[in-house]
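Colleague: Spelled out, the chains give:
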Amino acid sequence: MKVTLEVVEKVAQLSKIALNEEDKIKYSNEISQILDYVEKINELDTSQVEPTAHILDIHNVYREDKSGRSIDVEILMKLAPKHKDQFIVVPKVL
Amino acid sequence: MAGDFETVIGLEVHVQLNTQSKLFCQCSTQFGAKPNSQTCPICQGHPGVLPVLNQEALTKAVQAGLSLNCSINHFSKFDRKNYFYPDLPKAYQISQYDLPICKEGYLEISIGEHDIKKIGITRIHMEEDAGKLIHSDVPSINESYVDLNRCGVPLLEIVSEPDMRNSTEAYHYLQSLKSILKYINVSDCNMEEGSLRCDANVSLRLRGQKEFGTKVEIKNMNSFKGVQKALEYEVKRQSMALKKGEKIVQETRLYNVDEDKTYTMRSKEEAHDYRYFPDPDLVPIILEEKDVEVIRKDLPELPKAKEERFIKYYQLPQEDAGVLISSLELANYFEMAVQSYPNNPKKIANWIMAELMRVLNESDGEISSLKVEAKQIGNLVKHIDEGKISGKMGKTIFEDLVKEGGTVEGIIENQGLKLVDDVGELEKFIDEVISENPEPVASFKAGKDKAIGFLVGQVMKKSKGQANPGKVNQLLIDKLKEK
Chain H
1 MKVTLEVVEK
11 VAQLSKIALN
21 EEDKIKYSNE
31 ISQILDYVEK
41 INELDTSQVE
51 PTAHILDIHN
61 VYREDKSGRS
71 IDVEILMKLA
81 PKHKDQFIVV
91 PKVL
Chain X
95 MAGDFETVIG
105 LEVHVQLNTQ
115 SKLFCQCSTQ
125 FGAKPNSQTC
135 PICQGHPGVL
145 PVLNQEALTK
155 AVQAGLSLNC
165 SINHFSKFDR
175 KNYFYPDLPK
185 AYQISQYDLP
195 ICKEGYLEIS
205 IGEHDIKKIG
215 ITRIHMEEDA
225 GKLIHSDVPS
235 INESYVDLNR
245 CGVPLLEIVS
255 EPDMRNSTEA
265 YHYLQSLKSI
275 LKYINVSDCN
285 MEEGSLRCDA
295 NVSLRLRGQK
305 EFGTKVEIKN
315 MNSFKGVQKA
325 LEYEVKRQSM
335 ALKKGEKIVQ
345 ETRLYNVDED
355 KTYTMRSKEE
365 AHDYRYFPDP
375 DLVPIILEEK
385 DVEVIRKDLP
395 ELPKAKEERF
405 IKYYQLPQED
415 AGVLISSLEL
425 ANYFEMAVQS
435 YPNNPKKIAN
445 WIMAELMRVL
455 NESDGEISSL
465 KVEAKQIGNL
475 VKHIDEGKIS
485 GKMGKTIFED
495 LVKEGGTVEG
505 IIENQGLKLV
515 DDVGELEKFI
525 DEVISENPEP
535 VASFKAGKDK
545 AIGFLVGQVM
555 KKSKGQANPG
565 KVNQLLIDKL
575 KEK
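First to last, the sequence lines map onto chains H and X. Number 65 in this note's numbering belongs to position 65 of the first sequence; there are no gaps in the numbering. Heads up, this note's numbering is the position in the second sequence plus 94, with the first residue counted as 1.
Rather than coming from a laboratory, the hints here were simulated on the basis of the structure. Values in this document were obtained by computation on a predicted structure and should not be read as measured data. Fair warning: there could be bad hints in the mix.
What the hints assert, rightly or not - So the derived label-pair ranges between C-beta atoms look like this: (1) X/H168 with H/T46: 18 to 24 Å; (2) H/M77 with X/V143: 16 to 22 Å; (3) X/F306 with H/V93: 28 to 34 Å; (4) X/Q303 with H/I41: 42 to 48 Å; (5) X/L300 with H/V89: 50 to 56 Å; (6) H/T46 with X/G206: 49 to 55 Å; (7) X/Y200 with H/I17: 41 to 47 Å; (8) H/K84 with X/V143: 23 to 29 Å; (9) H/I17 with X/G206: 52 to 58 Å.
Note that the Cβ used here is the ideal one computed from N, Cα and C, for glycine as well.
In isolation and in its complexed conformation, chain H is listed as follows (with noise of 0.2 Å):
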């Protein structure tokens, strides 16, 4: 399966991540490689398989609701790039 420079762009921009000319091109085949050897998996039947959601063969783990302490604001402050009045502060968006 051949992945198209379009396709790893749309990837890239999706997964904001700054790509050059060459990257696309290397990207594009090693993606294509990769899918190609996953298209292995589709030889198998899987019609009569169910879905898998987990990998391990437990459900049902909850907790209680009970609400407990949350860490020192300072904490989260300290590994925001920039900060200000206990908010973290981010490029303009609107």
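Use these hints to put chain X onto chain H, whose structure you have.
Modeller: Chain X alone, transformed into the frame defined by chain H:
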């Protein structure tokens, strides 16, 4: 109205579940806390953390589904919905894609006087809320501010079928949905605090046409009335465009409440591509029939059942019952009033609907902030029924109860409100009324008993509402018969 066109509306409603803690971590969901004070590595989206489902949120989601006549999916799972935005630190929202917790339900709304319409509910799924973005009013400031307190708060998304045909039906749908969700205590449904949010899909088609027209999504409506007005505007806009032969563009429009118009939202360069996939951190939910039954048994009485009970048990007209059950608080208030005086539920209903609801409309509308206790409404009606006070005095006492609280007895005592029982005093008024109203007197004597009501009314007027109406009635009859 849209003339030759038929309007088609579907609503997407998000409600915040009123749990103590977030959907996948133990951070508090308390509204109004200081920015970023209710976060942890899980809701901040750090790598390597393990989200675990809040069981109460699941229970509430199932309760909502059962109350909205949905079937509960016995196998359900969470998926990641991927997109970049600063209010979403993980860059994906944990939501449910192809296996939502509830599906295929409906909600009944009243249309016209006696007709009921079923509005289909496509699906209900659980998801986590995103953080809150704050923008500066100053245009030169090139930054926005993020508060992650809301990030990870449990939400239900309730998607309706495109079954509504006008903005009023949409309004009733929202009212009814809010009423049910508040009854079962799964959400506060407070649009101002953002615990209920609504987006609308609206399209027009020629009457009789089967296919839907191109739909437009409307966002940014922040009250039920706002939803109704935004839809009215949008229907008008689309029908004018179609009449001019223009094509409707599939887009998202924002409602501006001040201008009462919708505007095209700046479209993102790319159509959404959320690349959903199962969340590997969360395990599936399997609910057996017996698990669902346990939740069903614990459901409180729903509005419709309550309405039927009010009609049957208290002998109320349907209209009254419908008004009283419109909110759980009002229904409880009514029942408390009736409990204190069970002899006349209809009259108690009248007082609540006429007087109490007027007061509620004039104030913030919250029954919990009223000074007048429910049992005093029962007490007031009791005093009137027993002839201790007139209806007019009742209104004065009611106003005092609203302002000061207290008891009916206390106010009667303080204000010296007592009915005039003194025969001499009453006869003075009666004689005047008889001589001033020869015609009604004659017609009473001619056997028209109805005339007595008018004469009693005149006496009450002269006494400024202080005369004991029962006594006046008796004295009048005696007097007219002896002459």
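Colleague: Does each hint hold? Answer for all of them.
Modeller: Hints, verified against the model:
1. Judged by the Cβ atoms, the range 18 to 24 Å given for X/H168 and H/T46 holds: they are separated by roughly 22 Å.
2. A hinted range of 16 to 22 Å holds for the C-beta pair H/M77 and X/V143, which are about 19 Å apart.
3. Range check, X/F306 to H/V93: about 33 Å between beta-carbon atoms, so the 28 to 34 Å window is met.
4. Range check, X/Q303 to H/I41: Cβ separation about 45 Å, and the 42 to 48 Å hint holds.
5. The hinted window of 50 to 56 Å between X/L300 and H/V89 holds, with their beta carbons roughly 51 Å apart.
6. Taken as a hint, the range 49 to 55 Å holds for the pair H/T46 and X/G206, whose Cβ atoms sit roughly 53 Å apart.
7. The given range of 41 to 47 Å is respected by X/Y200 and H/I17, whose C-beta atoms sit roughly 45 Å from each other.
8. For the hinted restraint 23 to 29 Å between H/K84 and X/V143, the CB-CB distance of approximately 26 Å keeps it satisfied.
9. Between H/I17 and X/G206 the C-beta distance comes to about 57 Å, which sits within the given range of 52 to 58 Å.
Violated hints for the displayed structure: none, as all numbered hints are satisfied.
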